[in-house]
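Engineer: One letter stands for each residue in the lines below.
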Amino acid sequence: MSYHASTYDVVVIGAGHAGCEAALAAARMGCQTLLLTLSLDTIAYMPCNPSIGGPAKGHVVRELDALGGEMGKNIDKTHIQMRMLNTGKGPAVYALRAQADKVLYQREMKKVLEEEPNLTLHQNMVEKLLIQDGVCKGVITRTGAEYHAETVVLTTGTYLRGKIIIGDLQYESGPNNQQPSVNLALHLQELGFNMVRFKTGTPPRINSRTIDTSKMEIQPGDEEPRAFSFETTEYITDQLPCWLTYTNEKTHQYIQDNLHRAPMYSGKIEGRGPRYCPSIEDKIVRFADKNRHQIFIEPEGRETLEMYVQGLSTSLPEDVQQDILRTIDGLEKAEMVRTGYAIEYDAIVPTQLWPSLETKLVPGLFTAGQINGTSGYEEAAAQGIMAGINAARKVQGKEPVILDRSEAYIGVLIDDLVTKGTNEPYRLLTSRAEYRLLLRHDNADLRLTDKGYDIGLIKEERYGRFVAKRDAIEKEIARLRKTKLTPNAEVQAQLAVLGTSEINNVMELANLIKRPELSYQDIMKLSPPPEKLSEEVMEQVEIQLKYEGYIQKSLQQVEKMKRMEEKRIPHWVDYTKVSGLSSESREKLQQVQPVSLGQASRISGVNPADISILMIYIEQGGRTA
Amino acid sequence: MENDTIAAIATAMGESSIAIIRVSGTDAVTLVDHIYQGKNKLSTVATHTVHYGHIIDPTTKEKIDEVLVTVMLAPRTFTRENVVEISCHGGLVAVEQTLGLLMSTGIRLAEPGEFTKRAFLNGRIDLSQAEAVIDLIRAKTDKAAKIAIRQSEGKLSHHIRALRSEIVETLAHLAVNVDYPEYDADVLTSQYVVDRCMSIKKDIDKLLRTAKQGKILREGIATAIIGRPNVGKSSLMNALTQENKAIVTDIPGTTRDVIEEYVNVRGIPLKLLDTAGIRETEDVVEQIGVKRSEEALQNADLVLLVLNHSEALQKEDMRLIEKSKAYPTIFVINKTDLPRQIDYEEIKKYIGDRPMISLSVKAEQGLTQLEETIKTMFFSGQVDMNDQTYVSNARHIRLLEQAKASIMEVMNGIELGVPLDMAEIDMKNAWQLLGEVIGEAVAEDLIDQIFSQFCLGK
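If you read the sequences in order, they're chains H and W. The opening residue of the first sequence carries number 1 in our numbering; numbering runs sequentially from there. The opening residue of the second sequence carries number 1 in our numbering; numbering runs sequentially from there.
Please keep in mind that the hints were generated in silico from the structure rather than gathered at the bench. Owing to the predicted nature of the structure, the values given are computational and were not obtained by experimental measurement. Heads up, a few of these hints could be off.
Calculated pairs, DSS-like style, for lysine-lysine (alpha carbon to alpha carbon, straight line, at most 30 Å) [said to hold, decoys possible]:
#, chain 1, residue 1, chain 2, residue 2
1, H, Lys333, H, Lys290
2, H, Lys560, W, Lys404
3, H, Lys560, W, Lys201
4, W, Lys323, H, Lys553
5, W, Lys201, H, Lys553
6, H, Lys469, H, Lys525
7, H, Lys553, W, Lys206
With the hints as extra help, turn the sequences into a complete structure.
Structural biologist: Encoded structure:
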């Protein structure tokens, strides 16, 4: 028996990293929003590594923040250490990473959700969607409550028909022994969704009282204060270190000897696992010539002695896991407090989504996070905010917001998913972005704050501060372009002090800064700005001028892409009626239903001739229509 | 992509001894001006006028060809864009060079059927013709694809693949350094990348040199010399290649492979297919020779069927004459230095008015007429050599040059102290350009490479 419980604008299912962002975005955009979760105690839970950020992922957190997301603010409040990675490289690949206090992270996020005015939190399991005339109109819970809504966002993580595997042991379960969601998975299949089975895994956890850090290398946080969010003003100074140790020949031998007990090799795992996150047994087999692998020991929080053993993801039997741990330097007496496991789960084939993350099959239904075949908290959160924004905009009768590949890593992520699909859990990498130099983490606010403001997720006060920063950058760049140095004795002497060669002709400061040995600080000495500039402004001035040539090159490529992107494919296009398309591309085009010729051209198997033919077809239809 | 300027050879390598290169796009006139020298700059002349001048290589100042250039400004043109047509005289090599120069100014090679596509999209062509435009694109693409497949099996592809895999390994290494900063892979040093670049640049240079000499990329009219054994096929081939490289040693028939020889007959490149039959020893049954000839026919654009002046027509001759009907054929009656036994009336009966040349290779008589006939057939359009081949040569050279420029950019960048991950952008570019040469791209390869080369994970 079911009963009508209540009516909302937007219902979000799942309160993981995708669900939290989706619900907050919708609520903050003025939609009455319900967030349903299997357990209020696992809100924003991190079932795997206790960290947020890193290359590409950290960029995403900054982008989320510029759009008005919560992940950046939340980790700024709850980390145990932060590090800027890749500082020896170019600014495009600097990447901030935080180690999280998992429990604190959850608690903070839960409070933010609870305090949000338009948001209702409720613990319940959704078993079915309410479908009317093929359109999603709400959800039905296990307890029979019917919640009606204009749009529904599904963020089920690894819960759909989740199955945990440890050696010979297999049982139905969500992550970390949470209850799995079986009926909803079957319901999605009944609705006609094409599903895939993916696999991921997590390493064992150990008690820090039982490890010997004197045998390991210390990995401290940065001394310089760091933050993901534009809004963060208070910095955590008391940081905890991580530790680095290595596997050795003994470890490898032991794993080799027990390979026959690994479900990966006995065929018990059907799901497709990610290549970037192989289990330790997989690493030993595939990279047999490597005689050691890194193991990072990372605290799970401040109020616990539990440590995460990064690098030791495994589904080997429990006894083998314990023994493996003890072959490692510093872990000889380690007590395992949680057993590592592999988990299989259902995901939907993401080419069934529009770039707005609405499903093509069921209008009104949006999906985000691991259900779309991704992996990673940041990837999930990124989809979550976009699905939340677009679910809310649909309620409000507005066009969806779609970020393109030159605007954001989030754009790259979603475009890859809905255009190419994925045959393994998808992780963002900097090498997936063709305009990496434009998608820096330092300029995420410049790229996206306008969008966040227009959407309604960035408040006036912050927007004002942002505009002031942007103006200051532009003003200073203009000044450096105007200010010229004349090659006289005084100037040459100053240049000599800065350790750079003399100038032969009159030179603009904007050009001088391009010399590799010079920084903005040096330029400032030659010609100080009229008012004191903030660190962030100086950083932008330096990067934008120093790498201007490369940035220009990227911008030209973007221009080319944009032209194809702007060519929309009208709804009346019927691929079965376009003569001359190759059968492979006809099939792919029908499946993906690209919104633009640009997107069409990125589908594998669709070649330039097919695009030309499509253009002719569209033009022909346009003239007859 | 839409308003950029494109170029292609507009004539089907025939019709007359003039080849026309058509350029279309907003900047067509100003870009052609970069390589044109005449009384006036083309950008100053009136629309729909013809101008005499020269095509000049802007870097070497070398005169490439004497040309007539027609300037037609939008909208009264085939594509409704600015159009420049260059009529070249100087043979196919000059056409190819001119096309290459155009590309160096930033003009892009037209995709198959693209002029017609633009004409259609700009409203120049009637709606009822849309299907025809689609068919044209499809047909031209399929033809180009065939050529691409043929080339992908060739030597060039082999070299390019090797180069690309060298680049992609470096790219993957750089990517790992960026995406997994804590992973204990060796961090690539600038010096290492520069060394790699030097070696890649050297390889590209080598390819460019051979490409320009045409040794790898060279294609031509596939010409099969067929005939019974002992009619003088080998002598004819030697006469055409003007050296004894092709065959004629004391030990005949050491290989059964079809050997290709390239010759330039009055500016027309011929790819002579050495039908293994030529090398048959005297005691091999004649049947085999005929069979080999038939096989060679299948790949031929042009057939030279050799008959023996000093013998009567035989059954095997008849069979080959019959077979040759499907191909543009020149009948060569060889050995006119010996007493005539062959019946010309009888031959006429079979071949009608298809060209026939009597000559003696041995006495060096009549070869000039043969060459003249080949030229006439080619330029009258009877022999259709795929003009895509020329185009792809020019295209390959251009892509190789761009790839080389990108590699040099990597080195320049590093020298200027640009971070490696930025210089890598140019390296990726080079990798993609080389991919375009052989029709292979894109990003997913790199991701695959990263995960197969490095052991990453949490």
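Engineer: Looking at the structure, which of the earlier hints fail to hold?
Structural biologist: Number 4 only.
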